[in-house]
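Student: I would like the entire structure built from these sequences, with the hints used as guidance.
Number of protein chains: 2
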Amino acid sequence: MRRIGLFDSGLGGLITARWVWMRRPKVDLLYYGDTAHLPYGDKSPAQLRGYVREIVRFLIAAGAEGIGIACNTASAVAVDVAQEVAAGLPVWDAIQPTLAYFRAHRLPEPVGVIGTYTTIRSHLYGRALSQMGYTVKELATPLLVPLIEEGWTKHPATRAALRTYLTELGEVRTLVLACTHYPLLVPLIRRYYLRRGQDVKIISTARLLAEAICSPLTDSGQKGSLTLWLSDPNPRFIALASRFWGSPLRPMPLPCPS
Amino acid sequence: MRRIGLFDSGLGGLITARWVWMRRPKVDLLYYGDTAHLPYGDKSPAQLRGYVREIVRFLIAAGAEGIGIACNTASAVAVDVAQEVAAGLPVWDAIQPTLAYFRAHRLPEPVGVIGTYTTIRSHLYGRALSQMGYTVKELATPLLVPLIEEGWTKHPATRAALRTYLTELGEVRTLVLACTHYPLLVPLIRRYYLRRGQDVKIISTARLLAEAICSPLTDSGQKGSLTLWLSDPNPRFIALASRFWGSPLRPMPLPCPS
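Heads up: the protein sequence lines correspond to chains V and A, in order.
Offset between the first sequence (1-based) and my numbering: plus 4.
Offset between the second sequence (1-based) and my numbering: plus 4.
Calculated from the structure, these hints are not laboratory results.
A few of these clues could be false.
It does not matter which identical chain is used: a pair holds within one copy or between any two.
To be verified - List time: in silico DSBU-like cross-link candidates among lysine-lysine, alpha-carbon distance up to 35 Å: (1) Lys30 <-> Lys141; (2) Lys141 <-> Lys227; (3) Lys158 <-> Lys141; (4) Lys205 <-> Lys158; (5) Lys205 <-> Lys30; (6) Lys227 <-> Lys30; (7) Lys227 <-> Lys158; (8) Lys30 <-> Lys158.
Tutor: Shown next as structure tokens:
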């Protein structure tokens, strides 16, 4: 497998893509950012399933030999759609690697889970972790994606939003970042808990997804590439994509506007 | 004219709708909230023109005898599309009533204009006000819509975001709220300027649009109604719509998902 398709509602999934590429630089990554439908977090499952169907079709037509759903919201409501379209090709969703990690390690509880409205309302994390015997607290934190997509990863507004959300969540010993955007907020989250003298283990679904994608990939052949498509190639998104990826990116034209 | 169609990217336009209905309670309002494509502010003009075309068609098919574009972003990039589809029916956009107000009154300067990325990038306010001889400062303030749609109209995160944006805007004597959501932030904006001892006149495009729509409407006949459609009728949007409108609302089903 050399060509991996990855997609997200917007640009947050590029963080996962970067981690994959840092560990497996000889892979070709095909990334689709569905910026025309951003944010996914407050869309209904029916809408999202339609988007996922089209995107997976597109990535496979573009040559993807495996599909990574770098978005918890899409993973929560449309993994079966992705699998159906992928017709036997491997599909990695953003949720299973984290649940596998919880099965393999006993983590301190209570476990907090933060994500978008749709992810949290699916109760996929809450239900699975409860079945493993964990005490779980789930909270939707819908403003974090817009704050990150504004680039305000250290801004007082983001600190204030986190303070409200994490206070509402209450005491936890493990915190699951159930959104692939949230790794950019780890410094602020750590500071919040440090100031309160709380020792909280942070589990990043984006990083565990990246590791799951990397594990079957070999690291041979010539240097790979990143191909980027944006369903709405607005200049603002292009600038932000370059920032998330770490070097200048230019999206490829799409065959037809979706 | 008894039936007025109004639309917005989401629910912010309901503030305009409520003002119209408070002054003309015998009008039937047909409101379309395009929650499936929220937010409009960072979409490209080509995307937005497609959405506006479909929505105006839908509202006219539903019996609208005039169309109010209760969204500055859509007004900035697609008023010609709305007019073309409306084929002679009156179309009110969110920008012209404010420009007319500036023509009729000499307001203190510099004039600040805040709105979404797409509205500000259109420079429609900046150019028109400059031509009237005003010194104008424009600034995109893209997080304000997500903060309002979260209901955080008094939250420290919103205060922090406003502080950053209004500081970046710099000294102004008049501030144009070039987004129909922003009236909900007037208390925080007033407080920001009051604390700095600055006397700033606030111009709300949402209110001036409501007044423009009201002026040709008569107030006779029986009590009117509000009919609501949401392109994504997520429970969260339904709850928020009721809050913006001031009493419980339930969206009508759409003929087909858009």
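Student: It remains to establish, for every hint, whether it holds in the given structure.
Tutor: Structure-based check of all given hints:
{"no.": "1", "hint": "Lys30 <-> Lys141", "in the structure": "neither (40 Å within a copy, 48 Å between copies)"}
{"no.": "2", "hint": "Lys141 <-> Lys227", "in the structure": "neither (43 Å within a copy, 47 Å between copies)"}
{"no.": "3", "hint": "Lys158 <-> Lys141", "in the structure": "both (25 Å within a copy, 26 Å between copies)"}
{"no.": "4", "hint": "Lys205 <-> Lys158", "in the structure": "both (20 Å within a copy, 32 Å between copies)"}
{"no.": "5", "hint": "Lys205 <-> Lys30", "in the structure": "within (32 Å within a copy, 58 Å between copies)"}
{"no.": "6", "hint": "Lys227 <-> Lys30", "in the structure": "within (4 Å within a copy, 68 Å between copies)"}
{"no.": "7", "hint": "Lys227 <-> Lys158", "in the structure": "within (34 Å within a copy, 51 Å between copies)"}
{"no.": "8", "hint": "Lys30 <-> Lys158", "in the structure": "within (33 Å within a copy, 49 Å between copies)"}
Violation of the numbered hints given earlier is confined to hints 1 and 2; the remaining hints are satisfied by the structure.
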